[in-house]
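Trainee: Now for the letters of each chain:
Number of protein chains: 4
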Amino acid sequence: MKPPIIDHMASRETNRRERRIQRQRKAILDAAAELFAQKGYVSTTTKDIARAVDIGESTLYGYFTSKQEILQEILNQQAAMVDSLLVHLNDLHGIESFVDLTDLLLDRLLEWAIYNRVVIAEAWTHDEILLSYVIVHWQPIMERLKQFIHTRVAAGIFRPIDPGFGARMMIAIFIASILPVLRGVEPPPTPATRHELAAALVEMIVNGLRAQNG
Amino acid sequence: MKPPIIDHMASRETNRRERRIQRQRKAILDAAAELFAQKGYVSTTTKDIARAVDIGESTLYGYFTSKQEILQEILNQQAAMVDSLLVHLNDLHGIESFVDLTDLLLDRLLEWAIYNRVVIAEAWTHDEILLSYVIVHWQPIMERLKQFIHTRVAAGIFRPIDPGFGARMMIAIFIASILPVLRGVEPPPTPATRHELAAALVEMIVNGLRAQNG
Amino acid sequence: MKPPIIDHMASRETNRRERRIQRQRKAILDAAAELFAQKGYVSTTTKDIARAVDIGESTLYGYFTSKQEILQEILNQQAAMVDSLLVHLNDLHGIESFVDLTDLLLDRLLEWAIYNRVVIAEAWTHDEILLSYVIVHWQPIMERLKQFIHTRVAAGIFRPIDPGFGARMMIAIFIASILPVLRGVEPPPTPATRHELAAALVEMIVNGLRAQNG
Amino acid sequence: MKPPIIDHMASRETNRRERRIQRQRKAILDAAAELFAQKGYVSTTTKDIARAVDIGESTLYGYFTSKQEILQEILNQQAAMVDSLLVHLNDLHGIESFVDLTDLLLDRLLEWAIYNRVVIAEAWTHDEILLSYVIVHWQPIMERLKQFIHTRVAAGIFRPIDPGFGARMMIAIFIASILPVLRGVEPPPTPATRHELAAALVEMIVNGLRAQNG
DNA sequence: CATGAATGAGCGTTCATTCAT
DNA sequence: AATGAATGAACGCTCATTCAT
Numbered sequence: 000m001k002p003p004i005i006d007h008m009a010s011r012e013t014n015r016r017e018r019r020i021q022r023q024r025k026a027i028l029d030a031a032a033e034l035f036a037q038k039g040y041v042s043t044t045t046k047d048i049a050r051a052v053d054i055g056e057s058t059l060y061g062y063f064t065s066k067q068e069i070l071q072e073i074l075n076q077q078a079a080m081v082d083s084l085l086v087h088l089n090d091l092h093g094i095e096s097f098v099d100l101t102d103l104l105l106d107r108l109l110e111w112a113i114y115n116r117v118v119i120a121e122a123w124t125h126d127e128i129l130l131s132y133v134i135v136h137w138q139p140i141m142e143r144l145k146q147f148i149h150t151r152v153a154a155g156i157f158r159p160i161d162p163g164f165g166a167r168m169m170i171a172i173f174i175a176s177i178l179p180v181l182r183g184v185e186p187p188p189t190p191a192t193r194h195e196l197a198a199a200l201v202e203m204i205v206n207g208l209r210a211q212n213g
Numbered sequence: 000m001k002p003p004i005i006d007h008m009a010s011r012e013t014n015r016r017e018r019r020i021q022r023q024r025k026a027i028l029d030a031a032a033e034l035f036a037q038k039g040y041v042s043t044t045t046k047d048i049a050r051a052v053d054i055g056e057s058t059l060y061g062y063f064t065s066k067q068e069i070l071q072e073i074l075n076q077q078a079a080m081v082d083s084l085l086v087h088l089n090d091l092h093g094i095e096s097f098v099d100l101t102d103l104l105l106d107r108l109l110e111w112a113i114y115n116r117v118v119i120a121e122a123w124t125h126d127e128i129l130l131s132y133v134i135v136h137w138q139p140i141m142e143r144l145k146q147f148i149h150t151r152v153a154a155g156i157f158r159p160i161d162p163g164f165g166a167r168m169m170i171a172i173f174i175a176s177i178l179p180v181l182r183g184v185e186p187p188p189t190p191a192t193r194h195e196l197a198a199a200l201v202e203m204i205v206n207g208l209r210a211q212n213g
Numbered sequence: 000m001k002p003p004i005i006d007h008m009a010s011r012e013t014n015r016r017e018r019r020i021q022r023q024r025k026a027i028l029d030a031a032a033e034l035f036a037q038k039g040y041v042s043t044t045t046k047d048i049a050r051a052v053d054i055g056e057s058t059l060y061g062y063f064t065s066k067q068e069i070l071q072e073i074l075n076q077q078a079a080m081v082d083s084l085l086v087h088l089n090d091l092h093g094i095e096s097f098v099d100l101t102d103l104l105l106d107r108l109l110e111w112a113i114y115n116r117v118v119i120a121e122a123w124t125h126d127e128i129l130l131s132y133v134i135v136h137w138q139p140i141m142e143r144l145k146q147f148i149h150t151r152v153a154a155g156i157f158r159p160i161d162p163g164f165g166a167r168m169m170i171a172i173f174i175a176s177i178l179p180v181l182r183g184v185e186p187p188p189t190p191a192t193r194h195e196l197a198a199a200l201v202e203m204i205v206n207g208l209r210a211q212n213g
Numbered sequence: 000m001k002p003p004i005i006d007h008m009a010s011r012e013t014n015r016r017e018r019r020i021q022r023q024r025k026a027i028l029d030a031a032a033e034l035f036a037q038k039g040y041v042s043t044t045t046k047d048i049a050r051a052v053d054i055g056e057s058t059l060y061g062y063f064t065s066k067q068e069i070l071q072e073i074l075n076q077q078a079a080m081v082d083s084l085l086v087h088l089n090d091l092h093g094i095e096s097f098v099d100l101t102d103l104l105l106d107r108l109l110e111w112a113i114y115n116r117v118v119i120a121e122a123w124t125h126d127e128i129l130l131s132y133v134i135v136h137w138q139p140i141m142e143r144l145k146q147f148i149h150t151r152v153a154a155g156i157f158r159p160i161d162p163g164f165g166a167r168m169m170i171a172i173f174i175a176s177i178l179p180v181l182r183g184v185e186p187p188p189t190p191a192t193r194h195e196l197a198a199a200l201v202e203m204i205v206n207g208l209r210a211q212n213g
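Protein chains in written order, with numbering that gives the first Met the number 0: chain A, 0 to 213; chain B, 0 to 213; chain C, 0 to 213; chain D, 0 to 213.
Worth double-checking, as some hints may not be accurate.
No copy labels: a pair is met if it fits in one copy or bridges any two.
[Claimed, not checked] List time: in silico SDA-like cross-link candidates among lysine to any residue, alpha-carbon distance up to 25 Å:
hint : residue 1 : residue 2
1    : 38        : 60
2    : 145       : 130
3    : 145       : 183
4    : 145       : 107
5    : 145       : 182
6    : 145       : 184
7    : 38        : 24
8    : 46        : 65
9    : 38        : 126
10   : 25        : 187
11   : 25        : 78
12   : 38        : 130
13   : 46        : 205
14   : 46        : 126
15   : 145       : 89
16   : 38        : 66
Source of the hints: derived by calculation from the structure; they are not laboratory data.
Put together the whole structure using the sequences plus the hints.
Mentor: Put into structure tokens, the structure is as follows:
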């Protein structure tokens, strides 16, 4: 009887330790992301990160094998977030839910603003990151959007536009609307403002600028 | 008679030297921009730049006082290019010339693709560069676009949209259309393709996605 | 009971570390002073200093923030030594104790020979060092000497000489007597020799060269 | 007849050229000495020197083979000046001419103030310079002074002091009196002031500080 | 597990000197 | 003879990483 109990306790112990480790990893990741976002990966020193988490510089190496690995973990988590967007995209139908959906996506993107900012920065100067992380993970989303447009073009709801081009424009409008927040020069919108923004985006995408009575 | 001739020759000599210096500066600037675009400013070493121009590392310092100054000159030249766009923006009227204008701007932006890529990269992590270079020089362009939209909204040609929002969306669509080229993962379009792209962009901006018979 | 003990141990640990750091700083300072004295500050490289202490070049920067700071610390310590001379100068009276005092000052100056040599070298070509370190810290000593001379002139013990001039000459004679040792071309005197020297100096200052029966 | 004339002209030409070269060498030497005096030899760049003479940096190498050679020439000229002092020292007799002589030596030393300052600076950190230049050239002067003192001690005019010690003290008093001028923190004295100074120095050396009625 | 101390590799920059003109 | 241009060697300093405790 004892051994199981010991095992159980050991397991609880192990879990507690495991959780503490995960908590610390998360703290390091968040601090590093903040710094990478502000100064860029190369200009952020391991000393900077350690000071931000208030641990010794060499303690970092108990949680990550290198500074590079910290970045990779940030990229991984952001990629997971992008992947999760697809779940929401799978019920694109009426215009109403389209606005709600847009709102939801904006929310997700803004919640991960700092991680996104890091990814954008690094993908801009590293081909490998652009190809392995950004393009790979956004590809399914692009496909879903293309399919969405294609369906509506076939149904005569949308003009006969190239779906790939349309999808890219959609994402552009989408991202551009929150760029200053991602960049860190504007505060995140309130939920209400964000919802208005979502509505405006959808209208812009669907109707463009021309007056409807034209 | 002799002094003038001597002067003349001296002047010619001086000009030749001056031209050689300018040519070399340009070569360094281009090589540096290419490297900054690919690896970022901090990760590019002065040794990299020197090797790319095939000169000694210390020779760089005969043309620029520091690595930092090389970057600043790149930013300055890009800013001058942005300023020059305004000239073209001053005759925005019919839709036809709007497409031509868009084509022209795309052309300018693509011609300076590498410099633009550097500016985007650095502005993304340096507030000072974002504020002093990017925002300062794009501001007049934004103003011109807002005015353009405002006029058309007043005339009932455009929907009653917020001009600021509209202008930002215009630029977003504009930039997004050439982002892969700026980023260096797609080759620049041929003039014909570029013109088609310009037409598609204008249609997207003006008409959105909705079918006209809707 | 345990916490106090732990604190105590921690404190002991901290003290041990602190002492080790101070010991290392002192070793670096001494090695640097030796090199600065031999080759001058600018001609001494950080590599030279590191090699003399048998540590890596970058290890220096764990103890001092810059090569400049090493020099400043040397200047500071020498200045503190000069300041401490004043304590001894405050009982200048009989001729006997004047010799003993001179002996004491020579001893102090020679003990810090290398540091003094560095200060002289640097003050010779840096106005800021001359004014901020040398003149500032020797000023009180000069004042004390002037006062000493002034009193004796008033009492008819000394000839009616300008106290400022006299004080400067006293220091000149004083320094000159140990210049070869400071310069490093003669070994330091034994205590006995030094005491004889002190007596000769005092006699020189007080009696000059003229025969007393003159 | 022609060849001689040609020779003569050539010679005149050669002389003119020679003189021009010597004039330029002197200009370089003076400018370099000024800079070496202010910032030290190592901290003075060849660019500094060239700018001070208003010639190209590489032009220096038409007159001197290296920066080191410029310093050596400065040392040589200063050494020649020191040698020339000996001429004056050869009629040391009455006390009156002793003051005049001191005045003369001060004059010579001050005229070459900048060169002296350079020599002192370099001899302070370079054993070779101290031994080969300073000590070698001051040795005969020291000998002459020792002889001077020895004679007077034998004649009962001076106290029975060690001639070597006395000679060194004489030079110390001598140099110390003009140290601030050599160092460049005081302006050179007028001839009248200088003569007073000479008298005071001689009195200090001969009579010390003690009142004569003592 | 946490960390202070140490360090090799590499950075941007300077400078005495050479060389083609 | 004069010089602008070029450069190798060396400098002071930083930083990601290792290691003994």
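Trainee: Does each hint hold? Answer for all of them.
Mentor: How the hints compare with the structure:
For the identical chains of this complex, residue 38 and residue 60 are neighbours both inside a copy (21 Å) and across copies (24 Å), given an alpha-carbon limit of 25 Å. For the homomeric pair residue 145 and residue 130, the shortest alpha-carbon distance inside one copy (20 Å) is at most 25 Å, but the shortest distance between copies (36 Å) is not. In this assembly of identical chains, the alpha carbons of residue 145 and residue 183 lie at most 25 Å apart only when taken from different copies (24 Å versus 30 Å within one copy). Proximity of residue 145 to residue 107 under the C-alpha cut-off of 25 Å is restricted to the intra-copy arrangement: shortest distance 21 Å within a copy versus 30 Å between copies.
In this homomeric assembly, residue 145 and residue 182 come within 25 Å of each other (Cα to Cα) only across copies, at 22 Å, whereas the closest approach inside a single copy is 27 Å. Proximity of residue 145 and residue 184 under a CA criterion of 25 Å is satisfied inter-copy only: 21 Å between copies versus 32 Å inside one chain copy. For the identical chains of this complex, residue 38 and residue 24 are intra-copy neighbours only, at 21 Å inside a copy versus 28 Å across copies, given an alpha-carbon limit of 25 Å. When the C-alpha separation of residue 46 and residue 65 is checked against a cutoff of 25 Å, the pair qualifies both within a copy, at 13 Å, and between copies, at 18 Å.
For the homomeric pair residue 38 and residue 126, the shortest alpha-carbon distances inside one copy (20 Å) and between copies (9 Å) are both at most 25 Å. For the identical chains of this complex, residue 25 and residue 187 are intra-copy neighbours only, at 22 Å inside a copy versus 42 Å across copies, given an alpha-carbon limit of 25 Å. Proximity of residue 25 and residue 78 under a CA criterion of 25 Å is satisfied intra-copy only: 16 Å inside one chain copy versus 40 Å between copies. In this assembly of identical chains, the alpha carbons of residue 38 and residue 130 lie at most 25 Å apart whether taken from the same copy (23 Å) or from different copies (15 Å).
Taking the shortest Cα distances, residue 46 and residue 205 never come within 25 Å of each other, neither inside one copy (49 Å) nor across copies (51 Å). Only between protomers do residue 46 and residue 126 lie at most 25 Å apart by alpha-carbon distance; the minimum there is 22 Å, versus 27 Å within a single protomer. Proximity of residue 145 and residue 89 under a CA criterion of 25 Å is satisfied intra-copy only: 13 Å inside one chain copy versus 36 Å between copies. Taking identical chains as interchangeable, the C-alpha atoms of residue 38 and residue 66 lie at most 25 Å apart whether they share a chain (15 Å) or sit on different chains (18 Å).
In terms of the numbered hints stated before, the structure departs from hint 13 and from no other.
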